[in-house]
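Residues per chain are reported as follows:
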Amino acid sequence: MFNLKFNQLPNSDSSLDAVYSRLVFNAYSMDSRERKLKTGQSDESDYIQKRITNEQLSRLSIHVQFPERLRIQGSPYLEVRKMDSNIVEADESGRAAKNLDYSPLLRTASLSIPDPTPERAYRVCWRLGPPPGPEPEISEEEQDWHNTVVSKLLMLRKAAEKTNPSPIEETRKQKLLVILADCAGLAQKALPTAIPPSQLEVSLMVGDDSETDRAPILRVAGGSDLSSGYWNLELRIGDGNAGRAVKKRALRIFDADKVDKDPFKHVYKPLPGRLPHRWLMSIPLFSTPHLSLIFGVFNIGTFHISAVRTLRKLETVNHFAAQVQEIIQKGLEVVD
Amino acid sequence: MKSKTVNFELKRRVELTPGVVSVDLVSSGTRRTFGKLKIDKAFAQQFAKRLQKEALKIPSY
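So the protein lines, in turn, are chains X and B.
Using the working numbering, the first residue of the first sequence is number 1, and each one after it goes up by one.
Using the working numbering, the first residue of the second sequence is number 1, and each one after it goes up by one.
If you're looking for bench data, these hints aren't it; they were derived computationally from the structure.
Take these hints with a grain of salt, some might be off.
In silico DSS-like links for lysine-lysine, alpha-carbon gap of 30 Å or less [what the hints assert, rightly or not]:
#1 X/162 - B/49
#2 X/173 - X/330
#3 B/53 - X/189
#4 B/57 - X/189
#5 X/158 - B/49
#6 B/57 - X/175
#7 B/57 - X/330
#8 B/38 - X/162
#9 X/162 - B/53
#10 X/173 - B/36
#11 X/261 - X/330
#12 X/313 - B/53
#13 X/162 - X/98
#14 B/36 - X/175
#15 X/173 - B/49
#16 B/36 - X/189
#17 X/313 - X/50
#18 B/38 - X/5
#19 B/36 - X/330
#20 X/313 - B/41
#21 X/269 - B/36
#22 X/265 - X/158
#23 B/38 - X/189
#24 B/38 - X/313
#25 B/57 - X/173
#26 X/82 - B/38
#27 X/248 - B/36
Label pairs and their calculated CB-CB ranges [claimed, not checked]:
#28 B/41 - X/141: 29 to 37 Å
#29 X/192 - B/52: 21 to 29 Å
#30 X/274 - B/36: 30 to 38 Å
#31 X/143 - B/59: 42 to 50 Å
#32 B/59 - X/90: 24 to 32 Å
#33 B/36 - X/264: 54 to 62 Å
#34 X/118 - B/59: 45 to 53 Å
#35 B/52 - X/305: 23 to 31 Å
From a predicted model like this one, the values you see are computed outputs, not experimental measurements.
Beta carbons: idealized from backbone N, C-alpha and C, even for Gly.
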């Protein structure tokens, strides 16, 4: 929701042009794999649309510039849908389709429709292709291992919520605590200067893909600063620093001091009632050698400006991410 | 719960630059570590105490 304020109200005799721009993160997928990760659906089409409600438009223009990395398949197409039923109006779509141009060379789609019909949604759609390169095959053994680790982490999360855990559950909780403490100890050992334990935040998230009919989400399995907002967080793949680490299958660093320079590289999702991180590293935890399955994310960061300079050194520590993975993997193996 | 363990050998190449990490994980019958794990145990113990306290904040049922 936004408001436009005019010094002088526009009218039919004296019209005014208004332009706004909006930065949206994690809105579109680059390929079909990414879309499935984000939506849980195998539908390979994506779209941008304009709904025409109470507006009188003499012309509707939509211009779409597809990024170089977006794996578009075939040519974009147009759908006109009725607002109330959301059903595609085949005849209208066919008639309006001639107003859609696509240049594969420039990777741009342009729609220009005179007098568009009110109460319609005009949707420029495109199909997404698979990511480049052959998709690695996941063996049964790898899938079993992945499912077991995800189940263990979800079990640990459940145990953490119990007010009266059984002795077995208590032992499991302690094991997770040791894993996280060891990861913190690994970081401290790698840093040139000491960091107060109160200024370091760590958390382990599990990529919950146990429900096949919904998109996988990241949930917290354990860590520090476990406010209810953070504990109940359900992070979509691609959202926030941790979600992007899964989407990109790569370590991500959020640095609050560098957001202005490069907002797309430093994406962060603040939580209501929780201090925002000043610096945060999210490490994806892989289930398979070919990195196609991820069972979770380890986050390490700080809310304190004074600790940022020290923690930034982790960005240059060799093998830190691999060693974190090793500690967590080894630690989870003894959780039964 | 039935559990099956696959060990990975973490080997060769880990590029750790801001925003990018590449880990070569090679499936292996036996575990090998990627470098020696150096952990500040005193810090880990202190941090574990903090985690213990933080766990009390978890909404419980």
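Exercise for the section: Find the hints from earlier in the document that the structure breaks and name them by number, from lowest to highest. Expected result: Violated: hints 8, 11, 13, 17, 18, 21, 22, 26, 31, 32, 33.
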